[in-house]
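Trainee: Here's the letter readout for the chains.
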Amino acid sequence: MRYYLTAYIIFWSGLFLYLAWLTGRQAWLNRRAAGLVERLIAQGERGGES
Amino acid sequence: MSAYWLGPLALWVGLGLTLYGLVAGIVGGRRRNQRLIDGAVGSVFGAGICVVFAYALLTAGFLADEFRLSYVANNASRAMPVWYKATAVWGGMEGSMLLWAFILACYSMAAIWIHRRRHPELIPYAAAVLQGIMAFFVGVMVFSSKPFVTLDFTPVDGVGLNPLLQNHWMAAHPPSLYLGYVGWSVPFAFAMAALISGRLGTEWIVAMRKWALVSFLFLTVGNLMGSHWAYIELGWGGFWGWDPVENSAIMPWFVGAAFVHSIMIQEKRGMLKLWNVGLITATFALTILGTFVTRSGIIESVHAFASTNIGVVFLSFLVVVIGTAVGLTWWRSDLLQTENRLESFASREAAFLFNNLLLLGIFFAVWWGTFFPFISEAATGQRISVGPPFFNQVNKPLSIALLLLTGIGPVIAWRRASRHNLQRNFRFPVAALLVAGVVAVVLGIHSWYAIAVIAFGAFVLATIGQEMGRGTRARMRSKEERAPIALVSLIGRNRRRYGGYIVHIGVVLVFAGIAGVFFVTEQSARLAPGESVEVGSFQVFYRGTDIERGPNYTATVANLTVSENGGRAYRIRPEKRFYPEGQEQTTTEVAIWSRTFEDFYAILEGYQPATQSVDLTIIVNPMVMWIWIGGGIMVFGMVIALTTPRPGAPRRRVVQPAKRKTERVGA
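Chains as they are written, first to last, in our numbering: chain W, 1 to 50; chain D, 1 to 667.
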């Protein structure tokens, strides 16, 4: 029984860590994309002024 | 029509009867008072008739263009075809609640009628739980989402139904999905009845197997229809976008699938009793959660959710459902002890347990991705959204492992598989896996997921083919039947087992269809009349544009001619429709040339009247057809499994030797 419990805990821990990593990465990608958009807008505005 | 006061009256009477049935069922069951039990049973039919009447009345209002009813005025218009007027009943919140209650009424009456003599000890409590669920939905319609509110004046015309919903797939999708959602109420009610009565053997499991399968079948059909609607109506070229509404519909499917599999372990080995009660509670709770997500406004924002009371009402009901189920399970935990223990990793019990674990893992990943944006918004004020890449990435390894277990589970031995059993059952499938994998690599397929789907799909098909082949050959020898007759007889004699195999064939084909997304070709083009463009092996020629009038819209239609490698040409006509009534909405009607291994998918993005040129997006979608074919085969397999005779029911013909053989290795 101990083996099954171990397998069960490993499965859920692994899945949880994987989900946490993926969502963390998604948040980082979102921030990067938002930063990129801001930079492009600022660049466009500067170009418009010149 | 002045008879609409009858609608609220029917709902009020129905609410009274449901509350009476809830109390009478529990008290009557505990005190063994037959009058109260009969009263509870009668209340199911009384309340059911009230709800059916209210539903019929609202439908009549839609068909008769009764715009004095606020709900009809907001969801229909005179110009709508009659078919869409009838289906517009569930186009908004109030009608959706009434559809839920209507289907629950039909299910409750059928379940109580069928099981009243077979399971008299469970009936009073099952009736009480079903009435409790009905009381919630009828209560919502009496106090909050009222479908029969009348206006002070009668508008000349209504606002009309959202044009995106005016599609026959979308007309059929909600009833099918709701038949699946609401169907889980019956096994949940009987599970709670088993907990209250203390009868936690296999009785409730055996009684509810077909109800669970019916619900699972409709949920499958509902999800397929919704997916097909998204593919042909939303015009983005895909069939699943992982948005919260789609996810809400698929989450109970995964947990329900786990339940449908794990009840076999309880039936055969007396294991997983607690697990099964947990699974059916989770499945039912997810059907409520699905309705809550769709109807509470939480999709837009947690603030939108907080500003409406319906979300709080649903959440409270969800807490009551889960709290009651957990409390009852705690109370009866001594009766939920397993009768046997797992003996080996290499056993069917273990394969089914891992299958359950993976299905729940997929569910949890989808739940996490769906609710993480809301949780992050509630916690930090900033919504961190996760898109399709998140869901695809997390589900790839889990779904591939699940596909592998689809092949292992049905053929590995119960309790402990011997080396001989493993060699006998898996030598050929493993060879098929290796050959298919090598062929996929040699053909130049680079996606590891596509290679794994091909290899593991071949493994599953080989296990099923081997099992069916062995059974057929045995019948051909013993009964001297011809191969097709032997195969049909084999399936007919153990429909549950072979129906399950057919479902698994469908699953493999659906996987193959999904793997096709790795080979999509997409191209955008602006074409003037007489111009053409090449997309992959297809040549697209633009002939010109027509303006056409529909019953309640005007359409701009691009006339395209498509041929492959200079072969026979086909005409396809993507459209943009403008619905002038109501919100003045424009919809995109894609044109699809569906073929066995490839869909040619054309979207009319824009039209310049001055030059008569059109902006097109052309997508070549491989294997999509196999999703619908596989889905159809899954449904066919479920129907076969459903026609299994009830245990104890008289059989027309029993041949003992064949029966022993199927029992020994059967699912």
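Derived by calculation from the structure, the hints in this document are not laboratory data.
It should be emphasised that the depicted structure is a prediction, and the values quoted were computed from it without experimental measurement.
Cβ coordinates follow ideal geometry from the N, Cα and C atoms, glycine included.
Where hints are given, some of them may not hold.
According to the in silico footprint, chain D covers these stretches of chain W (three or more CB under 8 Å from chain D) [unchecked claim]:
#: 1; region: 22 to 28
#: 2; region: 33 to 39
Some but not every residue of chain D turned toward chain W, in silico, with C-beta under 8 Å [said to hold, decoys possible]:
#: 3; residue: Tyr4
#: 4; residue: Phe364
#: 5; residue: Gly381
#: 6; residue: Ile384
#: 7; residue: Ser385
#: 8; residue: Pro388
#: 9; residue: Gln393
#: 10; residue: Val394
Trainee: When the hints from earlier in the document are held up against this structure, which numbers fail?
Mentor: 2, 3, 5 and 8
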